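Engineer: The chain contents come next:
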Amino acid sequence: MNDFSELEADLKRLRPVAASPELARRIEQDLAAPALSPTAGVLPRPRSRARSGGWWSLGLGLTGVVALLVIGLTFFDQTAPPRPVAAAPTETSKDQGFQPAGLTQVVYRGRDEGLVFPPNDSGTVRRRLRYETRETMRWRNAQTGASVRVSFPAEQVVLAPVSYQ
Amino acid sequence: MEITVSHEDWKTCFAQLAPALLLFARRWTHSQADAEDVVQEAFVRFWRQQHSLENRGLLYATVRSTALDRLRREQRRSRREALSALDHDEHCDPVFAPEDEGQQLLAAAIARLPNEQREVVTLKIWNELTFAEIAVALEISQNTAASRYRYALGTLKKILQPHE
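Residue numbers (numbering that gives the first Met the number 0), protein chains in the order written: chain A, 0 to 164; chain B, 0 to 163.
It is worth saying that the hints were derived from the structure and are not from the lab.
Honestly, I wouldn't trust all of these hints.
Pairs of lysine-lysine, BS3-like flavour, derived with a Cα cap of 27 Å [what the hints assert, rightly or not]:
{"#": "1", "chain 1": "A", "residue 1": "K11", "chain 2": "B", "residue 2": "K156"}
{"#": "2", "chain 1": "A", "residue 1": "K11", "chain 2": "B", "residue 2": "K10"}
{"#": "3", "chain 1": "A", "residue 1": "K11", "chain 2": "B", "residue 2": "K157"}
Here are a few chain A residues that face chain B, going by a calculated C-beta distance under 7 Å [said to hold, decoys possible]:
{"#": "4", "residue": "L13"}
{"#": "5", "residue": "R14"}
{"#": "6", "residue": "P15"}
{"#": "7", "residue": "V16"}
{"#": "8", "residue": "A17"}
{"#": "9", "residue": "R24"}
{"#": "10", "residue": "I26"}
{"#": "11", "residue": "D29"}
{"#": "12", "residue": "L59"}
{"#": "13", "residue": "L61"}
{"#": "14", "residue": "R108"}
{"#": "15", "residue": "F116"}
No experiment lies behind these values; they were computed from the predicted model shown.
By construction, the Cβ of each residue, glycine as well, lies at the ideal position given by its N, Cα and C atoms.
Produce the complete structure using the sequences and hints provided.
Structural biologist: Here's what the structure looks like:
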């Protein structure tokens, strides 16, 4: 027995608005339709587009990272003193140029975006997790002691399989 | 509420659940028609995979997930932004069918509850879910569900006090 029993009883007496008779008929039609159809009678949902949107973000993010790396490496190659290729042994060039000194990835926000169902209602239900990260790469010139740091935001979408009891 | 049904029994089962299920879906929709679309999509999706209502928490989780996906698709924003926008919108369709002035006041008081509290009350009172099932449906802990429920009832009592 609690202080709210009277209020709970009042709440239970309040009735929600009833569903329209059409709703049950629409569900019946959907359930009767073959399950293999991706939209199976429900309103067409741009599910694949929504999902591919996440992959687009990931793809764009990765492309950005690669572009930054290429630009960065080109920049460091230009700043290094030009020397004859034949006269530069591999170990010497390693010692004199900027060398990767560290890579960190800080996840500063993780979002659970809920369940993702397969388009044809078969297969594994997955949970969509979105991570926002900041990645930092450092290069260091052992000869001069100079260091360069590049930091950029990135986003990762992970589809983790879920199981129910 | 123990509900175990065969594939053919979904109509009986759905008829019992539909009003409260729609009430739950109204948390993320602006109209009864939108809520019906959400419930339709979620129920079909759920039934095809489960063929029973033993796991009611999962049914409500499916409704929630479907509603959030739909909201995000429509608004082209993140879930959080979309939810935040919805929090400030006025629902135009009534969600209850009050029979007298007392019930009208009660319905108005429920509308003033914070969304997080209102959805727990909706699941507990009209959908008759346990706190364990509410926890599954809303992806929160049982303790959080119970405390939101208590806060909600406390708030309702305070709102209704001057009118009693």
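Engineer: With reference to the structure, classify each hint as holding or not holding.
Structural biologist: Status of the hints after comparison with the structure:
no. : hint             : result
1   : K11(A) x K156(B) : 15 Å, holds
2   : K11(A) x K10(B)  : 23 Å, holds
3   : K11(A) x K157(B) : 18 Å, holds
4   : L13              : 5 Å, holds
5   : R14              : 5 Å, holds
6   : P15              : 4 Å, holds
7   : V16              : 5 Å, holds
8   : A17              : 5 Å, holds
9   : R24              : 10 Å, violated
10  : I26              : 6 Å, holds
11  : D29              : 4 Å, holds
12  : L59              : 17 Å, violated
13  : L61              : 21 Å, violated
14  : R108             : 11 Å, violated
15  : F116             : 6 Å, holds
The structure fails hints 9, 12, 13, 14 (numbered hints given earlier, in ascending order).
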